[in-house]
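*Asks:* Residue strings, one per chain:
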Amino acid sequence: RKEVEQDPGPFNVPEGATVAFNCTYSNSASQSFFWYRQDCRKEPKLLMSVYSSGNEDGRFTAQLNRASQYISLLIRDSKLSDSATYLCVVITSNFGNEKLTFGTGTRLTIIP
Amino acid sequence: DAGITQSPRHKVTETGTPVTLRCHQTENHRYMYWYRQDPGHGLRLIHYSYGVKDTDKGEVSDGYSVSRSKTEDFLLTLESATSSQTSVYFCAISDPTGSNEQFFGPGTRLTVL
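For the record, the sequence lines run as chains A and B.
Residue numbers for the first sequence follow the working numbering, so the first one is 1499 and each next one is one higher.
Residue numbers for the second sequence follow the working numbering, so the first one is 2 and each next one is one higher.
Hints are computed from structural coordinates only; laboratory data are not their basis.
Wrong hints could be hidden among the right ones.
[Claimed, not checked] Below, computed lysine-lysine pairings styled on DSSO-like, alpha-carbon distance capped at 27 Å:
| # | chain 1 | residue 1 | chain 2 | residue 2 |
| --- | --- | --- | --- | --- |
| 1 | A | Lys1577 | A | Lys1540 |
| 2 | A | Lys1500 | A | Lys1543 |
| 3 | B | Lys58 | A | Lys1543 |
| 4 | A | Lys1500 | B | Lys54 |
| 5 | A | Lys1540 | B | Lys58 |
| 6 | B | Lys54 | B | Lys71 |
| 7 | A | Lys1543 | B | Lys12 |
Work out the full structure: start from the sequences and follow the hints.
*Replies:* What follows is the structure, encoded as structure tokens:
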């Protein structure tokens, strides 16, 4: 089983719709979680951190479910500019060494 | 945007030739990283550095070496390039005293023929 798994998509969603995707992780000791956004042929950029209690940033909501070992990203009222690949990142600490593991990404296309 | 540049941005080379990629930062961050990104794989860590002359291997370090003689520069060298090293290479930096956020450079697209 991969350490971090994402549905690669593509998700094709009409403008204005709500879309959600998950990312599962295998190591129950993982303690930090992030969503990054990567535009085509560009570098990844941090979208938001994922907190245990869940957090919201405008139209974006991130959730963590430790019991089922997944994080989720919800995008409301989707815009054309939301088209991108969304990468989840899981950080696991092992005897003081932090390991970042990236998912392969979920590709999202917003359709006019 | 974080001040990270990579050079060259594109390179085509032949199997067996040495290649050096450069990452330069103006943020004075202590940690620097080299990743490769390939279809079907997430970003995979090649090597990282936690200070000048302090480097360590990542999960896909075979065939690569790195050097960091100054805080601002982190070099990745392919001693003898192979076609399996065709990839997009990203450099990243982070501040260990701050958040865990990594800031990425614009990437280098390397093709080994």
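*Asks:* Take the hints in turn and mark each one as holding or not.
*Replies:* Verification of the hints:
{"no.": "1", "hint": "A/Lys1577 / A/Lys1540", "verdict": "19 Å, holds"}
{"no.": "2", "hint": "A/Lys1500 / A/Lys1543", "verdict": "23 Å, holds"}
{"no.": "3", "hint": "B/Lys58 / A/Lys1543", "verdict": "24 Å, holds"}
{"no.": "4", "hint": "A/Lys1500 / B/Lys54", "verdict": "32 Å, violated"}
{"no.": "5", "hint": "A/Lys1540 / B/Lys58", "verdict": "25 Å, holds"}
{"no.": "6", "hint": "B/Lys54 / B/Lys71", "verdict": "8 Å, holds"}
{"no.": "7", "hint": "A/Lys1543 / B/Lys12", "verdict": "24 Å, holds"}
When held up to the earlier numbered hints, the structure conflicts with hint 4 and nothing else.
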